[in-house]
Amino acid sequence: DTAVSQTPKYLVTQMGNDKSIKCEQNLGHDTMYWYKQDSKKFLKIMFSYNNKELIINETVPNRFSPKSPDKAHLNLHINSLELGDSAVYFCASSRGHDYEQYFGPGTRLTVT
Amino acid sequence: AQTVTQSQPEMSVQEAETVTLSCTYDTSESDYYLFWYKQPPSRQMILVIRQEAYKQQNATENRFSVNFQKAAKSFSLKISDSQLGDAAMYFCAYRPLTGGGNKLTFGTGTQLKVEL
Numbered sequence: 187d188t189a190v191s192q193t194p195k196y197l198v199t200q201m202g203n204d205k206s207i208k209c210e211q212n213l214g215h216d217t218m219y220w221y222k223q224d225s226k227k228f229l230k231i232m233f234s235y236n237n238k239e240l241i242i243n244e245t246v247p248n249r250f251s252p253k254s255p256d257k258a259h260l261n262l263h264i265n266s267l268e269l270g271d272s273a274v275y276f277c278a279s280s281r282g283h284d285y286e287q288y289f290g291p292g293t294r295l296t297v298t
Numbered sequence: 306a307q308t309v310t311q312s313q314p315e316m317s318v319q320e321a322e323t324v325t326l327s328c329t330y331d332t333s334e335s336d337y338y339l340f341w342y343k344q345p346p347s348r349q350m351i352l353v354i355r356q357e358a359y360k361q362q363n364a365t366e367n368r369f370s371v372n373f374q375k376a377a378k379s380f381s382l383k384i385s386d387s388q389l390g391d392a393a394m395y396f397c398a399y400r401p402l403t404g405g406g407n408k409l410t411f412g413t414g415t416q417l418k419v420e421l
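Chains C and P supply the protein sequences, listed in that same order.
187 is the number of the first residue of the first sequence in the numbering used here; add one for each residue after it.
306 is the number of the first residue of the second sequence in the numbering used here; add one for each residue after it.
Take these hints with a grain of salt, some might be off.
Over 12 angstroms on every C-beta distance to chain C, these chain P residues come out as not near it, computed from the model [what the hints assert, rightly or not]:
{"hint": "1", "residue": "D331"}
{"hint": "2", "residue": "T410"}
{"hint": "3", "residue": "E420"}
Here are the computed lysine to aspartate or glutamate pairs in the EDC-like style, where the Cα-Cα straight-line distance is at most 16 angstroms [stated by the list, open to error]:
{"hint": "4", "chain 1": "C", "residue 1": "K238", "chain 2": "C", "residue 2": "D271"}
{"hint": "5", "chain 1": "C", "residue 1": "K222", "chain 2": "C", "residue 2": "E239"}
{"hint": "6", "chain 1": "P", "residue 1": "K383", "chain 2": "P", "residue 2": "E366"}
{"hint": "7", "chain 1": "C", "residue 1": "K257", "chain 2": "C", "residue 2": "D216"}
{"hint": "8", "chain 1": "C", "residue 1": "K238", "chain 2": "C", "residue 2": "E210"}
{"hint": "9", "chain 1": "C", "residue 1": "K205", "chain 2": "C", "residue 2": "D271"}
{"hint": "10", "chain 1": "C", "residue 1": "K226", "chain 2": "P", "residue 2": "E366"}
{"hint": "11", "chain 1": "C", "residue 1": "K222", "chain 2": "C", "residue 2": "D271"}
{"hint": "12", "chain 1": "C", "residue 1": "K253", "chain 2": "C", "residue 2": "E210"}
{"hint": "13", "chain 1": "P", "residue 1": "K378", "chain 2": "P", "residue 2": "E334"}
{"hint": "14", "chain 1": "P", "residue 1": "K408", "chain 2": "C", "residue 2": "E244"}
{"hint": "15", "chain 1": "P", "residue 1": "K408", "chain 2": "C", "residue 2": "D216"}
{"hint": "16", "chain 1": "C", "residue 1": "K205", "chain 2": "C", "residue 2": "E268"}
{"hint": "17", "chain 1": "P", "residue 1": "K408", "chain 2": "C", "residue 2": "E239"}
{"hint": "18", "chain 1": "P", "residue 1": "K378", "chain 2": "P", "residue 2": "D391"}
{"hint": "19", "chain 1": "P", "residue 1": "K408", "chain 2": "C", "residue 2": "E286"}
{"hint": "20", "chain 1": "C", "residue 1": "K227", "chain 2": "P", "residue 2": "E315"}
{"hint": "21", "chain 1": "P", "residue 1": "K378", "chain 2": "P", "residue 2": "E315"}
None of these hints come from the bench; they were simulated from the model.
Cβ atoms here follow ideal geometry from the backbone N, Cα and C, with glycine treated the same way.
Make a model of the complete structure from these sequences and hints.
Structure (structure tokens):
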């Protein structure tokens, strides 16, 4: 009974490629997020969607484009991958402005 | 902008002993939430404990408790009777009560080692 799931868990790709990471939550939440954890383990928010509407868009390169087809899904598409994009990407969800966010297992992206 | 500072990159504790992890934060808001998350080697982010700033009583969850000092903007985590399974990276996080899109701001983390 996975609450927040991400696919794939590991992704190795070459510079210049385009890749997507998928996120799904079965908690009935209406707010979803993407966080990036860098090599020093620093976690920072990238995007937040509420009811499929973009709420937060931090200073992220426009090569990153989130897409929310419905409230249960928030996918992250990355164009023209760069070495610096290597990181662990976490999806999370919450019930509106409820204070608890539930995190997915993370996707380790390695760009070579 | 809100910032969260964890000044201890690494801490060690003997099994069954008590350890305290430090966290300070900066905000101009009067109402907000504070959290401690645990990230074991499995990478999963696990919520350990949360504190509402409007509550004076310190939150407690079994062996985990916090010392919340609002005036000092300090939010430390105490782990009692440490167990091997407590070994993990611990992140302190801040979230405004309203506005900000429910954004969590994290500290840089403290790696906790538990020794036999």
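- request: Compare the structure with the hints numbered earlier in the document and write down the numbers of the violated ones, lowest to highest.
  value: The structure breaks hints 2, 4, 5, 10, 18, 21; every other hint is satisfied.
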